[in-house]
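Going line by line, the protein sequences match chains A, B and C. In terms of our numbering, the first sequence has 44 at position 44, counting the first letter as 1, and numbering is strictly consecutive. Start counting at 1 in the second sequence, then tack on 533, and there's your number in our numbering. Start counting at 1 in the third sequence, then tack on 801, and there's your number in our numbering.
By construction, these hints were calculated from the structure, which means they are not laboratory data. It is possible that some hints are incorrect.
Partial selection, computed: residues in chain A whose CB lies under 10 Å from chain B [as the list claims (entries may be wrong)]:
hint, residue
1, T48
2, L51
3, T237
4, R245
5, D306
6, T320
7, I407
8, R481
Where a beta carbon is used, it is the ideal one built from N, C-alpha and C, also for glycine.
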Amino acid sequence: MKRLLIAATIALAACGGDGARKPSVPAATDLLTIGYDREPDTMNRYATHILEDIESCVVEGLVTNDETMNIVPVLAAEVPTTENGGVVLRTDGGMDVTWRLRPGVRWHDGVSHTSADVKFTVDAINKGDWKPESVDGFDRISSVDIPDSLTAVVHYREVYAPYRLQFVRGTLPKHLLEGKSIDAATDYNRKPLGTGPYRVVEWKTGEYILLEAAPGYWRGAEFPKIRRLLFRFLPNTTTRINQLRSGEVQMVALVPWDKVRELRDDPAIRLNTVVGNGYEHVTLNQRHFPPFGDLAVRRAMAHAIDRELIVKTVLDGLVTVVNGPIQPLSPAYEKNVTVYPYDPVRAQALLDSAGWRKGVDGIRTKGGTRLSFTMITQSGFAIRENVSQALQQQLRAVGIEAKVRLIDGTSISSVWFTGDFDAMLHWWQQGADPGITLFFAGDRMPPSGRNINYFRDDTLTGMLYASDRTADEAARITLLRQAQRRLATLVPELPLYNTSKVDAVPTNLTGFTGNPTNAGPFWNVWAWQLTAR
Amino acid sequence: MPRTVASTRAPLVALGLLTLLLVGAALAPWLAPYAMDGLDLANRRAAPSVEHWFGTDELGRDLLTRVLFGARVSLAIGLISALVSAAIGAAVGAIAGSAGRLVDDLLMRITDAMLAVPRLPLLMITAAVLQPSVPTLVLLVGLVGWMETARVVRAEVLSLAARDFVAAARAMGATPTRVILRHILPGVLPATAVATTLAVGRGILLESALSFFGVGVQPPTASWGNMLYQAQSTMSSEPWLAIFPGAMIFLTVLACNAVGDAIGSAQS
Amino acid sequence: MIRFVVRRIAQGVPLLLVISLLVFALIHAAPGGPLSTYLENPNVRPEDIERLRRAMGLDRPLGLQYLSWLWAFVRGDWGFSYADGRPVLDRLAERVPATLELVASACVMALMAALPVGILAAVSRRFDRVTSVLAVAGISLPVFWLGLLLQLVFAGALGWLPSSGRAAFDGGDLADRLAHLVLPATVLAAALSAAWSRYLRRAMRDTVARPFMRAARARGLRERTLLLHHALPNALPTFVTVVLLDVSMMASGAVVTESIFAWPGIGSLFTESLARRDYTVLMAFLMVGSVAVMTLTLVADIAVYALDPRTRDAA
């Protein structure tokens, strides 16, 4: 009986749409359906706690990062630097940054985008009760002058090296939000007013957000070329990839590495890989597990791990091995650092000479302490669970016992924040700015920073702070390169590999480049086009 | 009604299967062809073959080995949690059935309340909070499974208590405790056995559901449930990674239910 | 009768309070909490975290938080979701229709299978032998395994049905909605129909074995007549209560199915909220689920009490 019903329904469905798999491209080329892994909490770029992919289609920043991580102007006419006079260092130790805005840009409601909006944004963040998520650097701004409608002069109390990205999230429309409480501005937070290529048509909670091309876009009437974008919320990875393969969605950003295999042979999908701006590493908490304080132990561990093999097998060759926190794509990247190649013999020798002798069970001890610790990592990521087990096996081969413990996403942050762990398989997604002081300065252990190796080296700390205090990019890069070399000799953590980003897009999508930074793959969505097949 | 040969065969087969599973699980360290955490990165995702009867997984570990070791965990969780449920349930049911109206009402309302709270969501939250080890997991699963047993036991006790032999025992001066222990509990045993057998299956299913959401048994420890969870992402290309553990869960629970049914119908 | 109802309600309320207290304590004992997402962000300073903690009221003693939550809850104010700041009541309410649609469809499918199969199994021994194996298999299947398999076969390999979601974006005609409904409803209906057919069969057979049936048999009535005209009507009332109860429990238990099929109901809301430690939503979910089941249990008990005088003596 039930069988009859099912068969009948299948037959019905089969009649409904010619039965076979839906074509991956709709008849029209004016709709792109994206399978997105979560529903945004808000469309307000400053307030959201997650990546701003959807938001950035509507609200543009003064600048953005392109696919090579260069900072390019969007709503600004050009990026202010010391060379073009946009940045002036004051004698009192502060600096003034002059932003010249692009003329002819209008908000979607027709009102002109002016410097008053810039000033309003700074004031809203600094003076009001509103304290959103992403406000780095605003607290160092003392005031903003607006000599004319297209110029905003931002006065910083001190030299702030990442100033160029200060307004990467754009501005709040003064004429709409002045005098209102921004947290309670549900209309704005659900359907923000922006200057970007798209505007929000509908946000159906739990299901999707639909964007359509905004008329009067400043780049020209022919942009954006794709008239509508539909973001479907599909938190379950298997579901999302299945829908991609069946054609119900056409694009998925940030495909998990273990899913790439399934998509490689799909004729309708192109996999776009960008070297990422993040890296995975093994954090070694010296405070909680004192043997990590011994440089010989850390170096031995570095030699014991066969990173090439892990990348080739567990990660299907989708990522590249790296040796430090600043990634190859960054202008501050230093290639010539100490590298620790896979060499278990050397590892054993280092441990032996450091006094760690192998016990009967194969695990080394010294002075009564066993070289045995717990390595935590976030659960729910198949690849990381596998990597941690591969590491476990490789460490065991040299006499180090690493017990693996999985902790779920929301709990793990508070664990490492309180330093209550031995080692952790972890990753940092770096911001576009190459600063790493937060992670390695001796006085930046939580809660004042993210130095979760709880390690301290005064020389390194000095280099890092010096790099923060200069607005001269060349000088900054030199200092950061020094810092990277020192980091590699001290190896407080074990860098593993770069987290490349793989996006799956339809083969008839042109203009897509991907993006290694948090600007996300939609950074140039206005330029995309779906060609007819 | 006359029992046909066919109707006695099925439960025997089920019982045989369960015994086989238990023995296999107990002897896993000796039966397993490979080491439990033996990674073989060069030989990952191999299809079933002569060297690897069930194929290998993402890290090149032999699936048959993991299924055998996983049996230990899943069966242990199922069995011991069922015993915990049985103990609690029998106690609650017996007391409710033989005590006065007030106590009976109270206990039954507690039972109803526990049955009202959505079981899987409650366990999921608890597991997320406690991030339990396997023994704690056993306890938790046991703590949400006693209500069915309590109801069944209470019903049995009530019907037994109304019978003549109990009245006779009381008339002869037996204390209520003695009545419970010597006369009622033995009569309650068959019903408890049925409920417990069914609870084993339920416990295994609960554990696999929890592991499916990543809050049950944590890798690298293998359980059938978390093997399914890990196999989720590769179901289309390496279906054997999901088919074998899932089939084991299915067969075990099926066998438990078949045996439970058989005991149940043997009573009547 | 009234006394019975009043007494049961009076007993139920304190128990709901105890449940709410336990659930509250449980959720707040979780490491992490809604502030954990901020910790990952290197740009959020400790002062900001403290400020947010105060704004969310998370710095007050736990007992106070519970009491203020409870007082608001019973007045219909279920608070605001930590995930997007919208009222919890809204977030739950907008998802309920989807779950109702799924559960109702599964229920209908299951009944269409269970009723004829259960009755036939009680009547015909041959039929029974075949279907009893299937029924036991039905209740033994792990829900998510079945879901994944169906998805693999019907959506992946054959491409006949969509793999997830409730409707195509700009479609939504009846055929499309049905197509999306088939797989998840089938998964839910499988276990339900197996359990219900077994229950019905057993209930009918049990009734037939009862003493009052002997009289009817003595009058020379055939087995089949006994089953259909006496046992079935007798067993139906309790069967209905069983169905009601199972359905009320299924609504919140459909968590797994909604997750696999990306069905936008309260089950998937639960999983998302759990991942984000959205306390207010989780509390509301458990309370609503418990209240619904307890209410239906009460209704069922009243129905049985009213219909069957014999149970009053045992109560």
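Hints and how they fare:
1. With 10 Å as the threshold, the beta carbon of T48(A) stays out of range of chain B, its nearest partner Cβ sitting at about 24 Å, so the hint is violated.
2. This hint is violated: L51(A) has a C-beta 22 Å from the nearest C-beta of chain B, more than the 10 Å allowed.
3. The beta carbon of T237(A) is positioned within 10 Å of a beta carbon in chain B (closest approach about 7 Å), and the interface hint is therefore held.
4. The beta carbon of R245(A) comes within 8 Å of a beta carbon in chain B, closer than 10 Å, and the hint placing it at the interface holds.
5. With a cut of 10 Å, the hint placing D306(A) at the interface with chain B holds, because the nearest CB-to-CB distance is about 9 Å.
6. For the restraint placing T320(A) at the interface with chain B, the shortest Cβ-Cβ distance is roughly 18 Å, beyond the 10 Å limit, so the hint is violated.
7. Interface hint status for I407(A): upheld, as the beta-carbon distance to the closest one in chain B is roughly 7 Å, under 10 Å.
8. Of the supplied interface hints, the one on R481(A) is violated, with its beta-carbon coming no nearer than about 35 Å to a beta-carbon of chain B, more than 10 Å.
Violated hints, in rising order: 1, 2, 6, 8; the structure is consistent with all others.
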